[in-house]
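**Student:** Take the given structure of chain A and dock chain B to it, following the hints.
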Amino acid sequence: MKVTTQTQTLKNLLKGLKKTWLLFICLLVGLTIVFSLAAHWYSGRQTGDVEYKATTKVLITPNKNQEMDGSTLQVYLNTEKSIISSGKFEKYLQKSKLKPNLLNKEDLTNYQIENDNGTSIISIHEINPDKKKALAIVNYVAKTISRNPMNMLQEGTAQVIGTSDVVQTTSNRNMKKVYLFAFVFALFISMIIALVMANYSKVIYDAAIIHSALSNANIYEVSKFANVKDVLDKFFRKTAFFDSNNVEATVIYFNNADLIKSTLLSLLPADVQTKTKLVEYTNEKNDKSNDQFQQLSTDSLYHETLSADKSLSLIDCSKTINVGSGKNQILIVKDGSLLKSELNDLVVEFNQITNLDLYVIYYNED
Amino acid sequence: MEKFNRIVIVLLLLLQVSFFSLMKTNATWFLINSYVYKTLTIFLIVCLICFNLIFNYYKVNQVREYPFFTMMLTWIGIYLLILGASQVVYNQSFITTLKGSYVYLMIGLYFLLVFFFNDEVNFRFILRSISFIGSTYAVVLLIQAFLEKSSHIFLDFGNYGLNPIYDSFGPIFHFIRVAGPADFISFAILLTLIKMLHDKFSIFDLSLVLIDYLYIVLVSGTRMYMIIDFILIMTFILICLYQKHAGIVYTIIAGGFLLALGILPKLIQGFTGGERGMSFEIRTNEIKYYFDKIFYNQWFGIGFPDAKRYSQLIHGPAETHLFSTNANYYLEDIGALGIISIFGALGIIALIWFILKLVTLFLVSQRKGEFGLILIYLTLMLATLSLLDPQRIFYLFVIIYVLEYISKKTSGNNLEGIL
Chain A
121 MKVTTQTQTL
131 KNLLKGLKKT
141 WLLFICLLVG
151 LTIVFSLAAH
161 WYSGRQTGDV
171 EYKATTKVLI
181 TPNKNQEMDG
191 STLQVYLNTE
201 KSIISSGKFE
211 KYLQKSKLKP
221 NLLNKEDLTN
231 YQIENDNGTS
241 IISIHEINPD
251 KKKALAIVNY
261 VAKTISRNPM
271 NMLQEGTAQV
281 IGTSDVVQTT
291 SNRNMKKVYL
301 FAFVFALFIS
311 MIIALVMANY
321 SKVIYDAAII
331 HSALSNANIY
341 EVSKFANVKD
351 VLDKFFRKTA
361 FFDSNNVEAT
371 VIYFNNADLI
381 KSTLLSLLPA
391 DVQTKTKLVE
401 YTNEKNDKSN
411 DQFQQLSTDS
421 LYHETLSADK
431 SLSLIDCSKT
441 INVGSGKNQI
451 LIVKDGSLLK
461 SELNDLVVEF
471 NQITNLDLYV
481 IYYNED
Chain B
169 MEKFNRIVIV
179 LLLLLQVSFF
189 SLMKTNATWF
199 LINSYVYKTL
209 TIFLIVCLIC
219 FNLIFNYYKV
229 NQVREYPFFT
239 MMLTWIGIYL
249 LILGASQVVY
259 NQSFITTLKG
269 SYVYLMIGLY
279 FLLVFFFNDE
289 VNFRFILRSI
299 SFIGSTYAVV
309 LLIQAFLEKS
319 SHIFLDFGNY
329 GLNPIYDSFG
339 PIFHFIRVAG
349 PADFISFAIL
359 LTLIKMLHDK
369 FSIFDLSLVL
379 IDYLYIVLVS
389 GTRMYMIIDF
399 ILIMTFILIC
409 LYQKHAGIVY
419 TIIAGGFLLA
429 LGILPKLIQG
439 FTGGERGMSF
449 EIRTNEIKYY
459 FDKIFYNQWF
469 GIGFPDAKRY
479 SQLIHGPAET
489 HLFSTNANYY
499 LEDIGALGII
509 SIFGALGIIA
519 LIWFILKLVT
529 LFLVSQRKGE
539 FGLILIYLTL
549 MLATLSLLDP
559 QRIFYLFVII
569 YVLEYISKKT
579 SGNNLEGIL
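Chains as they are written, first to last, in our numbering: chain A, 121 to 486; chain B, 169 to 587.
Hints in this document: simulated from the structure, not taken from any laboratory.
Keep in mind that the hints are not guaranteed to be accurate.
To be verified - Calculated cross-link-like contacts (lysine to aspartate or glutamate; reagent style EDC-like; alpha-carbon spacing at most 20 angstroms):
{"no.": "1", "chain 1": "A", "residue 1": "K395", "chain 2": "A", "residue 2": "D363"}
{"no.": "2", "chain 1": "A", "residue 1": "K344", "chain 2": "A", "residue 2": "D391"}
{"no.": "3", "chain 1": "B", "residue 1": "K476", "chain 2": "A", "residue 2": "E234"}
{"no.": "4", "chain 1": "A", "residue 1": "K439", "chain 2": "A", "residue 2": "D419"}
{"no.": "5", "chain 1": "A", "residue 1": "K454", "chain 2": "A", "residue 2": "D465"}
{"no.": "6", "chain 1": "A", "residue 1": "K131", "chain 2": "B", "residue 2": "D501"}
{"no.": "7", "chain 1": "A", "residue 1": "K139", "chain 2": "A", "residue 2": "E485"}
{"no.": "8", "chain 1": "A", "residue 1": "K135", "chain 2": "B", "residue 2": "E233"}
{"no.": "9", "chain 1": "A", "residue 1": "K454", "chain 2": "A", "residue 2": "E341"}
{"no.": "10", "chain 1": "A", "residue 1": "K344", "chain 2": "A", "residue 2": "D455"}
{"no.": "11", "chain 1": "A", "residue 1": "K439", "chain 2": "A", "residue 2": "D378"}
{"no.": "12", "chain 1": "A", "residue 1": "K322", "chain 2": "A", "residue 2": "E275"}
{"no.": "13", "chain 1": "B", "residue 1": "K456", "chain 2": "B", "residue 2": "D501"}
{"no.": "14", "chain 1": "A", "residue 1": "K252", "chain 2": "A", "residue 2": "E171"}
{"no.": "15", "chain 1": "B", "residue 1": "K476", "chain 2": "A", "residue 2": "D285"}
{"no.": "16", "chain 1": "A", "residue 1": "K349", "chain 2": "A", "residue 2": "E485"}
{"no.": "17", "chain 1": "A", "residue 1": "K122", "chain 2": "B", "residue 2": "E233"}
{"no.": "18", "chain 1": "B", "residue 1": "K476", "chain 2": "A", "residue 2": "D236"}
{"no.": "19", "chain 1": "A", "residue 1": "K208", "chain 2": "A", "residue 2": "D285"}
{"no.": "20", "chain 1": "B", "residue 1": "K476", "chain 2": "A", "residue 2": "E187"}
{"no.": "21", "chain 1": "A", "residue 1": "K397", "chain 2": "A", "residue 2": "D419"}
{"no.": "22", "chain 1": "A", "residue 1": "K122", "chain 2": "B", "residue 2": "D287"}
{"no.": "23", "chain 1": "B", "residue 1": "K476", "chain 2": "A", "residue 2": "E171"}
{"no.": "24", "chain 1": "A", "residue 1": "K322", "chain 2": "B", "residue 2": "E233"}
{"no.": "25", "chain 1": "A", "residue 1": "K349", "chain 2": "A", "residue 2": "D363"}
{"no.": "26", "chain 1": "A", "residue 1": "K439", "chain 2": "A", "residue 2": "E462"}
Chain A extracted, bound-state conformation:
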């Protein structure tokens, strides 16, 4: 399977998320400040934090001489509701001489009408920062309806039922609560941004992705670098490297070059070392003259011909991706150091080798 930036596992995503902790903290602090300031600014702009909701109820009875079934009664009530909320009725309310002095024209535009389910009762609501005004508006509207001006009830009657009640709908804003919510929202948003960043991360944190790309490879997941030695030992034994005289092996790595070299040398007995052609392909500048490995550039792998002699090739892929042309190859990958694009390049290279016997060591940091 070709690995793309969208290729993901949950483990990979969560480990990637862990790496974005610094971004997460910065975002959390920044967003908390921004959200708190924005909430503070909005709250300052709002006038009349406290609002009251007044309600009064009117029983509407249709013309008694007219027979009505359920659906015609509903149509009648809907029509009445529409009439009560119509612009014409609003204008009538605004112009009427019976309008309480307390009320302006503008006050009579926001009342709301509701029909209690399954009844002929119509509720009139008003939300207003002024408690007295809220009450006056609903009472005035209800009384006007009951007087049936302009035959708005279509031969029916209306009766105000019950006393009007008023409740406080919003209280003064508790700023402590606002800041707490600002923090909680900032937490969630930072988490989401961090998750998006982690999802777009090109780095591989889960060996399962390597396994899906190199499905024919033998993958060893080890917890620390010290265990890499055991797996290398196993690799040498499986390929009969110590016994055979014309065997070749390639070790590919991305980092910890010195450590890997010393581990390899410590595994090879002195007599095997002398019989083996040791080559290191690297584009890193290395001035260690006493190195036991012959140093060549990574590009020279393109000109290499497979020799019949016993050889151990080391390929440093930290700068350029390239692999050997032999059958036995081992890839050493440190958790969180391989990119998805590099893995794809490796897959392309490995696909060119017939009878490839590939081993992968995936180790976590110490």
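**Tutor:** Okay, now just chain B, sitting in the frame of chain A:
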């Protein structure tokens, strides 16, 4: 675990059809699960995700591609931003704001499906379940509509239930009108057609589609779904024909295009004049009203105000239609514009992102037939009916799951890829 998951998915689907409306719905159950309230559905989805994360971790940790994952995370971010801003701007409590917008938490369904139902067996299971449940519901409703003529009622016809309209509008039988289930059954038609394209053409599946369509035409009385489903079925036939007789398909498309050009003026006249004139006028005013609300709160639209306190803001000024029984405007009736009116600038970004994603995935998809069918459904729905209202949001996330599944690259490297 697999079996348990499947049982819960079937249960979730049955909740969407209110158990075929066989049980009487009371006020409490209406608030828990109905066409308007999805509390139980969302609760079950959240529980199933938690349960699977604990007991089914290996499944979620499989290597795969998530083309919609980032977009989904961003959608959650946008929702949270507007949730917080609405709370401050409208000076209302967190709970009130959440009450008005909790259906968006249905996004959990996407994560549930893509994490735990992401293999061929489960994909087919979901398609099959929706297809069967849709057709069963259609059969039940057709039988009920037929029996209703002789006053035998066995379905839930209460105010909280199907709430049918007792007028005879149908072309032949003059059945009663039960519009509610049209959403699910229309969705079932889409998925049955996809199932046929995905698997193989079968007479049985085709008969299921026909039963569904019979319900849509004879009982639902929803013009929009009649048109959408007709187009879907025609497209399906064209896709099937294309594989063997591409030439015929091109001829039909060209002919259809010319025919459409001829019919279009009459169709527009039909929608704008005469009986439908009033409805058209309401819709035009509705669009104008909501269009003005896109930047109502600068960077976002209406947001999530308290439905009772701000009903005039949400449903438009009450005095607009004096003699119409249904005087209110509805955000659900104007398709994508409804989404933009709520989310404002962020809604526009989210929608453009979604469209771009759909186009790019369609271009690289190896299953263009299935993908194209969904694209047609989404385009027709986005223009007229919002996919983010409580009834249809469930289908949106199932559709995104289906899109994600069928846009998965199939490489020839291994057998798993080919299968």
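**Student:** Confirm or reject each hint.
**Tutor:** Checked hints:
1. A:K395 x A:D363: holds (11 angstroms)
2. A:K344 x A:D391: violated (29 angstroms)
3. B:K476 x A:E234: holds (10 angstroms)
4. A:K439 x A:D419: Cα-Cα ~11 angstroms, so holds.
5. A:K454 x A:D465: Answer holds: A:K454 to A:D465 is near 17 angstroms, not above 20 angstroms.
6. A:K131 x B:D501: violated (42 angstroms)
7. A:K139 x A:E485: Between A:K139 and A:E485 the Cα gap is close to 14 angstroms, so the pair holds against 20 angstroms.
8. A:K135 x B:E233: The hint holds at about 17 angstroms.
9. A:K454 x A:E341: holds (10 angstroms)
10. A:K344 x A:D455: holds (10 angstroms)
11. A:K439 x A:D378: holds (16 angstroms)
12. A:K322 x A:E275: Roughly 76 angstroms separates the two Cα atoms, so the pair is violated.
13. B:K456 x B:D501: Judged against 20 angstroms, a Cα distance of about 13 angstroms means the pair holds.
14. A:K252 x A:E171: Status holds; Cα separation ~11 angstroms.
15. B:K476 x A:D285: holds (17 angstroms)
16. A:K349 x A:E485: holds (15 angstroms)
17. A:K122 x B:E233: holds (10 angstroms)
18. B:K476 x A:D236: holds (13 angstroms)
19. A:K208 x A:D285: violated (27 angstroms)
20. B:K476 x A:E187: With Cα atoms ~34 angstroms apart, B:K476 and A:E187 exceed 20 angstroms; violated.
21. A:K397 x A:D419: holds (19 angstroms)
22. A:K122 x B:D287: It holds: about 18 angstroms lies between the C-alpha atoms, which stays within 20 angstroms.
23. B:K476 x A:E171: Satisfied, since the Cα-Cα distance of roughly 14 angstroms is no more than 20 angstroms.
24. A:K322 x B:E233: Holds, at about 13 angstroms.
25. A:K349 x A:D363: holds (19 angstroms)
26. A:K439 x A:E462: Given pair A:K439, A:E462 holds - Cα atoms ~10 angstroms apart, limit 20 angstroms.
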